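A.B. asks: Here is what each chain is made of, one letter per residue.
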Amino acid sequence: MQPIIETKQLTHTYSAGTPFEHTALDSVDFCAYPGEYLGIIGHTGSGKSTLIQHLNALLRPTSGTVLFQDTDIWSDPKITKKTRFQVGLVFQYPEYQLFEETVYKDISFGPKNMGLDEKEIDRRVRSAAYFVGLRDDHLEKSPFELSGGQKRRVAIAGVIAMEPKVLILDEPTAGLDPEGVESILGNIREYHQAHNATVILVSHSMEEVARSVDRLVAVNDGKIPFQGPPREVFRHGDELEQMGLGVPQLTRVFHRLRAMGVDIDPSVYTLDQAKEAILAKLGREVG
Amino acid sequence: MALKDITLGQYFPGNSPVHRLDPRTKLICVVLYIVALFLAAWFVTYAVMLAVLAGSIYLSKVPVKSVFRGLKPVLFIVVFTAVLNLFYTPGDTVLAQFWVFTITLEGVWRAFFMVVRIMMLISGTFLLTYTTSPILLTDGLESLLGPLKMVRVPVHELAMMMSIALRFIPTLIEETDKIMSAQRARGADFESGNLIQRAKALLPLLVPLFISAFRRADELATAMECRCYHGGEGRTRLRQLKYKAADYVALFLFLAITVGVGVLGHFGL
Chain A
1 MQPIIETKQL THTYSAGTPF EHTALDSVDF CAYPGEYLGI IGHTGSGKST
51 LIQHLNALLR PTSGTVLFQD TDIWSDPKIT KKTRFQVGLV FQYPEYQLFE
101 ETVYKDISFG PKNMGLDEKE IDRRVRSAAY FVGLRDDHLE KSPFELSGGQ
151 KRRVAIAGVI AMEPKVLILD EPTAGLDPEG VESILGNIRE YHQAHNATVI
201 LVSHSMEEVA RSVDRLVAVN DGKIPFQGPP REVFRHGDEL EQMGLGVPQL
251 TRVFHRLRAM GVDIDPSVYT LDQAKEAILA KLGREVG
Chain B
1 MALKDITLGQ YFPGNSPVHR LDPRTKLICV VLYIVALFLA AWFVTYAVML
51 AVLAGSIYLS KVPVKSVFRG LKPVLFIVVF TAVLNLFYTP GDTVLAQFWV
101 FTITLEGVWR AFFMVVRIMM LISGTFLLTY TTSPILLTDG LESLLGPLKM
151 VRVPVHELAM MMSIALRFIP TLIEETDKIM SAQRARGADF ESGNLIQRAK
201 ALLPLLVPLF ISAFRRADEL ATAMECRCYH GGEGRTRLRQ LKYKAADYVA
251 LFLFLAITVG VGVLGHFGL
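If you read the protein sequences in the order shown, they are chains A and B. FYI, this note's numbering numbers position 76 of the first sequence as 76, with every residue one higher than the one before it. FYI, this note's numbering numbers position 89 of the second sequence as 89, with every residue one higher than the one before it.
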């Protein structure tokens with residue numbers, strides 16, 4: 001399958017030529033496929049935020065290329081601008097970017113910049129608000145009257161309203177209570193299914209990412225040491241732990257069992273998989 | 001260009017002899033240096049000052065390139081002063097004359113020395129901020145201005161305001177960068193359009209920036225109150241400023257140079 005977005009030998013150096021010079025990304029080859037639910041994990045300062053800001057042309061590569069549907073996004077200023085609409089990026093703590101008088105106006109900021117007509121903007125604002133679970137009476141309120149969790153929803157709706165083909169979310173659940181985390185992750189999954197969009201979820205929490213994504217990309221020190229289905233990535237439990245990432249609790253239990261000499265598959269991360277692995281193990285012993 | 005790349009006057013961490021000097025010493029030396037610069041009159045005295053500057057830069061181990069980069073933003077002022085001095089200095093030896101403009105030999109020299117003076121002035125003061133962390137700088141200022149407390153100048157409060165302001169410059173720059181990126185991701189365009197369009201485009205940046213600045217100020221005030229901050233009265237310091245041998249040497253050197261340059265300059269050298 002053709003990747004929808006791809007980076008080739010992407011390198012990014014901050015403050016080049018000063019004592020603060022820092023290479024955040026080092027020859028990274030990354031790709032995401034159409035309709036994929038992808039997770040990017042990495043601890044603070046690993047380069048994951050730098051990577052995603054390249055995907056929608058906010059940062060220009062120091063060297064290397066970023067391709068969106070096989071076109072270099074920096075080849076033409078028009079393409080660069082278009083890419084920002086097609087690859088929606090929700091930053092960390094996006095509620096701090098709200099500025100309009102009403103929620104409705106704030107969500108319509110993106111679609112308006114796309115140059116859509118009134119009717120289309122209205123449709124998109126309402127559908128985006130529906131996806132993140134905002135009620136109609138919220139739309140006419142000032143965003144600053146809302147609670148923290150609701151502000152976050154407004155900000156996410158602001159990006160979803162552009163109906164991007166690729167939706168990237170940087171730690172969308174940071175600082176929310178467990179209920180808020182669940183409901184936002186659910187909203188994102190719904191958007192993924194309804195639009196058949198590519199969703200890239202960035203997080204440092206394995207538990208959160210492992211449950212939803214089809215494929216995992218681990219970022220460490222500006223490089224991608226592991227990628228693949230969560231089960232495959234979790235096989236590298238020790239290496240992940242050394243990167244300060246850790247694996248889901250269940251996986252850790254199974255890794256520990258293996259270390260104690262129990263012959264069991266350590267790559268599980270959901271309850272169902274754990275049950276299967278234990279039954280398989282018991283079955284083997286009985287049989 | 002990312003806003004983060006602005007390094008104008010930013011502290012270069014280091015451990016050179018200049019870095020280790022007491023901030024008060026450096027402040028006094030800079031003042032003496034500026035006074036000496038204005039007393040300098042001709043090649044001999046300027047050469048002395050240039051040697052002082054070059055020596056300080058060498059000792060500080062700050063890259064020469066960075067010192068010169070600091071001059072870029074003031075280039076306009078330098079050129080402007082040079083041109084003014086070139087045309088408006090009266091003198092006897094007329095070199096060229098057209099319309100209302102007259103260029104005299106005195107004007108040429110004056111323009112030349114003025115340019116050198118401004119550039120050395122700026123490089124010298126930049127060296128101070130390059131080698132002194134903002135916190136130490138305000139500590140030094142507070143200590144130097146201490147005597148003004150007698151005449152009820154709120155020195156401590158002023159110093160505290162200054163260090164808080166300095167402390168938040170990088171934070172606000174980072175914040176601006178972040179909000180700008182976030183709005184750009186929603187298609188905001190900060191670079192094109194006419195003046196009115198650009199001013200309008202700034203709204204999505206300024207509103208969140210102000211809100212966050214107020215929020216931060218509020219949080220900081222609460223945090224300070226929680227730690228029982230009640231102004232400068234009876235407050236002790238974590239970093240005690242102490243003059244060392246090197247400080248006395250530096251102060252003596254700069255005082256001697258200033259007096260020397262003053263005397264030489266008086267005789268027009």
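The hints are simulated quantities; they were obtained by calculation from the structure and are not laboratory data. Computed from a prediction, not measured in an experiment: that's the story for all the values here. Note that the Cβ used here is the ideal one computed from N, Cα and C, for glycine as well. One should not assume that every hint holds.
Straight-line Cα separation of at most 30 Å, BS3-like style, residue types lysine-lysine; simulated pairs [to be verified]:
| id | chain 1 | residue 1 | chain 2 | residue 2 |
| --- | --- | --- | --- | --- |
| 1 | A | Lys78 | B | Lys200 |
| 2 | A | Lys141 | B | Lys61 |
| 3 | A | Lys119 | B | Lys200 |
| 4 | A | Lys223 | A | Lys275 |
| 5 | A | Lys223 | A | Lys81 |
| 6 | A | Lys141 | A | Lys112 |
| 7 | A | Lys223 | B | Lys178 |
| 8 | B | Lys178 | A | Lys165 |
| 9 | A | Lys165 | B | Lys200 |
| 10 | A | Lys8 | A | Lys78 |
| 11 | A | Lys81 | A | Lys105 |
| 12 | A | Lys8 | B | Lys178 |
| 13 | A | Lys112 | A | Lys165 |
| 14 | A | Lys81 | B | Lys178 |
| 15 | A | Lys112 | B | Lys200 |
| 16 | A | Lys82 | B | Lys61 |
| 17 | A | Lys78 | A | Lys112 |
| 18 | B | Lys200 | B | Lys178 |
| 19 | A | Lys112 | B | Lys178 |
| 20 | A | Lys8 | A | Lys141 |
| 21 | A | Lys112 | A | Lys81 |
| 22 | B | Lys200 | A | Lys81 |
Distance ranges between label pairs, derived from CB positions [what the hints assert, rightly or not]:
| id | chain 1 | residue 1 | chain 2 | residue 2 | range |
| --- | --- | --- | --- | --- | --- |
| 23 | B | Ala96 | A | Ala16 | 19 to 29 Å |
| 24 | A | Asp177 | B | Met150 | 49 to 59 Å |
| 25 | B | Phe210 | A | Ser75 | 30 to 40 Å |
| 26 | B | Lys149 | A | Asp177 | 26 to 36 Å |
| 27 | A | Ala16 | B | Phe210 | 50 to 60 Å |
| 28 | A | Ser75 | B | Leu238 | 30 to 40 Å |
| 29 | B | Asp92 | A | Ala16 | 26 to 36 Å |
| 30 | B | Leu238 | A | Thr23 | 31 to 41 Å |
| 31 | B | Glu174 | A | Gly283 | 55 to 65 Å |
| 32 | A | Thr23 | B | Lys65 | 30 to 40 Å |
| 33 | B | Pro17 | A | Ala16 | 34 to 44 Å |
| 34 | B | Val83 | A | Gly115 | 42 to 52 Å |
| 35 | A | Ala16 | B | Leu253 | 33 to 43 Å |
| 36 | B | Glu174 | A | Thr23 | 53 to 63 Å |
A.B. asks: Which numbered hints turn out to be false for this structure?
C.D. replies: 2, 4, 16, 20, 23, 26, 27, 28, 29, 32, 33, 36
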